[in-house]
Amino acid sequence: MNSQTKTNQVVTANKANMKANKKEGFKHEFNKNAALFLMLLPGLIVMLINNYLPMFGLVFAFRKMDNYRNLFGTAWVGLKNFEYLFGSNTAWVITRNTIGYNLVFIIIGIVFPVVMAIGLNELRNKRAGKLYQSLFFIPYFLSWVVISYLTMGLLSSEFGVINRLLESVGKERIAWYTSPEYWPYIIVLVNTWKWTGYDTIVYLASVVGINKELFEAAAVDGASRMQQIWYITIPSLIPLAIVLVLIRLGRMFYTDMGLFYSVPRNMGPLINATNTIDTYVYRAFVQTGDVGLASAAGFYQAVLGLVVILTFNAIVRKYDKDSAII
Amino acid sequence: MKLMKKGLVAFLGTACALSMVLSGCTKPADATASNGDKVTTEETKAPEASSESGSKVDTSKAVELTWYFIGNGPQEDVAKVEEAVNKYIAENTDLNCTIKLNCYDWGTYPDKMQAMIAAGEKFDICFTANWANNYFQQSAKGAFVPLNDLLPVYAPKTMELLGDDFIKGSQIQGVNYAIPANKEKAHQWGLVIRKDIAEKHNMDFSNVKTLADMEPFFQIIKEKEKGMYALEAAGGESPFRLMDFDRIGDEKYPGVVWNDSKDMKVFNELEAPETMEMFKLLRKFYQAGYIREDAATVTDYTADQKAGKMFAAVRSLKPGKDAEESNAMGHPYIQIELTPAVISNRETTGSMQAISATSPNPERALMFLEAFNTDPVLNNLINFGIEGTHYEKVSDNVIKAGPSGAKYNPGTGWMFGNQFINYLWDNEDPNKWENFKKFNDNATGTKTLGFVFDPEPVKTEIAQCVNIWDQYVLPMESGTIDPEKGVQEAIKALNAAGAEKILAEKQKQLEAWLAATK
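Same order as they appear, the protein sequences are chains U and F.
To convert, note that position 18 of the first sequence is 18 in the numbering used here; the numbers rise steadily by one, no gaps.
To convert, note that position 280 of the second sequence is 606 in the numbering used here; the numbers rise steadily by one, no gaps.
Same shape as in the complex, but just chain U (with noise of 0.2 Å):
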């Protein structure tokens, strides 16, 4: 009883003694990184107002939003907005598409760059190597708008390139826009080509900052390449990719509109292998005009990637308490 007294009493002491110490720390870094946190500003203050000014927008999802005008003024209808994301059968095939192509990307986004990255590293010729990261890269800078011509350009009926290919070679024309079957791989290729070039340069920033002289100890012990990359390059990649995944994880029930919309170009056959929760928003958006129904898709949306996000972490940090970020 009193030694367990004594050790609460320690305790207490302790955790006021690093209280302290914490604020102690956070002034004593502030002066002396003043200019460091000047420098956080402008982007925190975008930030806020980017991202948590348009928190007050939560409330449309539970109102009646019957007039542009009135925004706050309209009556509280209760869950009435989510009504018809669960109403149909639709609801199934909207969150299988969304979550069933995100995992996917998430996968391919990690598997892709990072053999690419090493690739590009272990790459004799540093001038070819730098051209290689270029054309890779272009494709981010294309807009799904350009792309979804482009694809359109490849996979069009009657001018595509793919079908006078097969034209030419004597084999039947493909109705790419009317057949469902094949979208699924249409919309992962043309999401991993856009990306991969984009992540293979976050791998390869991380691959190039690993420390040198693990490679050269790794080398005088007798280590082959493969060796070095396995035991020392894949490793030094782990919590990089843990952090991309966190962060992509919390974006797990959003699509990307251009490539789910502009791509497949809105064909209505294709609705049920391209359909998301998001074009299935942006449909009943654009008839109706009722923007406490987007909200609502877009609260249910955030909450659902936030329960991800805290779970996934959760396991992290079971597992690897300094890769968690919370």
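Treat the hints as calculated values from the structure; they're not laboratory data.
Virtual Cβ for every residue (Gly too), placed ideally from N, Cα, C.
Hints should not be assumed to be uniformly reliable.
[Stated by the list, open to error] In silico SDA-like links for lysine to any residue, alpha-carbon gap of 20 Å or less:
| hint | chain 1 | residue 1 | chain 2 | residue 2 |
| --- | --- | --- | --- | --- |
| 1 | F | 610 | U | 178 |
| 2 | F | 811 | U | 181 |
| 3 | F | 548 | U | 64 |
| 4 | F | 818 | F | 830 |
| 5 | U | 64 | F | 782 |
| 6 | F | 552 | U | 158 |
| 7 | U | 80 | F | 827 |
[Unchecked claim] Sample of chain F residues lacking proximity to chain U, with all beta carbon distances greater than 10 Å (derived):
| hint | residue |
| --- | --- |
| 8 | 429 |
| 9 | 493 |
| 10 | 525 |
| 11 | 554 |
| 12 | 633 |
| 13 | 667 |
| 14 | 715 |
| 15 | 718 |
| 16 | 728 |
| 17 | 826 |
[Said to hold, decoys possible] Partial selection, computed: residues in chain U whose CB lies under 8 Å from chain F:
| hint | residue |
| --- | --- |
| 18 | 100 |
| 19 | 284 |
| 20 | 291 |
| 21 | 293 |
Dock chain F against chain U, hints included.
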């Protein structure tokens, strides 16, 4: 330092998750548009002390009025025409304003306006109708300025010109939210057909009474005119419109009545045997290669038409539509009427200009529209461009294309204010405007004229139906998918989404309205 880093990362993570809450209204990538053209109000020279029109608003400040409308896309010489318009306004009127013309093509305009209006973007005037930039929906949401009090003060001549039919016919529960264009009052569906091609193959259309009768001619086109599409079915320009249902409420969810008003029973148009027949015909045409293989992917059908690749298309006809089409598209056309002329909500609210609730100068915008509807010089300038450049005069009110006529030719006289003061092209019937009058007099009105459906009670069901409509009905309108399967699946999906509730609501509101207006 580590603590700080962690805090910051946490901050970032949360921000990521919770941002874009309003994704629905900010997401559409191109909806942000290229609108550097904010309305600016700037002080310029002091005005002359003239207020002969008795207007009550101070016009001493010069304003720019931004105008959004639908059409064949932006015209190359629009800047030159704006300049000419502004010069004319400055020299001949006391409006003291300048005009910025923004035209979006048929497919893009409705989505653009939906996003712009929801985002509260500032502009002054926009085109609205029951079929684009939905008049009823936007008015109900307060997107437009109610004009009842303003019209008699700032646009008395326009009111007189339009008369009761248009003014009353465009009201929503007694309120005018837009000014209709003074044009034909009825609609009639039919075909426009390339005259030169038809003559080349000695085609005789005198026995054509329905779309099915066109089959032998399409066959000829398919065989003899390589690279030409026999029937246009792209970009929502579907031959399906020949059904001419009297639609209750907006597009993309079920519920219509027959336009002959025999009974007032609201039904799901997909369940009508006539609809199935039409879809089957279109499917047949599609499989025979008369309809462009990728018709459903094409959003701007005018490209084909201008390039001369289109033989026939279904259009809303009126006297002289063939000549109008010829002038706008650069190829000669003839027209064949297939449905009877009907006056419905489609016409009285078919082409209007509304003043945005975000307009800083609604009175000034209305004053401009008044001048635009009554001043032939100003009106024709925007309709046809600059004399000597875009058109040349043949006689007093007859014109022909000028040296750079293709660079400004909106070809949408039915939208711009008052057709009865427009010039006529040299290939048009000199009696066009008299024919319009006859056409108006001979048409019959539907019983639903003036009825407005309020979608609010079935909003949830409508939001679900829209996706199903895009999935099944649009492809069937171009013959892209098999209707035997498609119609059934669509009906099943629509019913699961609550179509029956929508139909019942429509019936209920329609009956209440009929009882109230008897």
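Taking the hints in turn, this is what the structure says about them:
no., hint, in the structure
1, F:610 <-> U:178, "holds, 17 Å"
2, F:811 <-> U:181, "holds, 18 Å"
3, F:548 <-> U:64, "violated, 53 Å"
4, F:818 <-> F:830, "holds, 17 Å"
5, U:64 <-> F:782, "holds, 10 Å"
6, F:552 <-> U:158, "holds, 13 Å"
7, U:80 <-> F:827, "holds, 16 Å"
8, 429, "holds, 19 Å"
9, 493, "holds, 24 Å"
10, 525, "holds, 27 Å"
11, 554, "holds, 13 Å"
12, 633, "holds, 13 Å"
13, 667, "holds, 29 Å"
14, 715, "holds, 33 Å"
15, 718, "holds, 38 Å"
16, 728, "holds, 34 Å"
17, 826, "holds, 13 Å"
18, 100, "violated, 18 Å"
19, 284, "holds, 4 Å"
20, 291, "holds, 6 Å"
21, 293, "holds, 6 Å"
Hint compliance for this structure: hints 3 and 18 are not met, and every other hint is.
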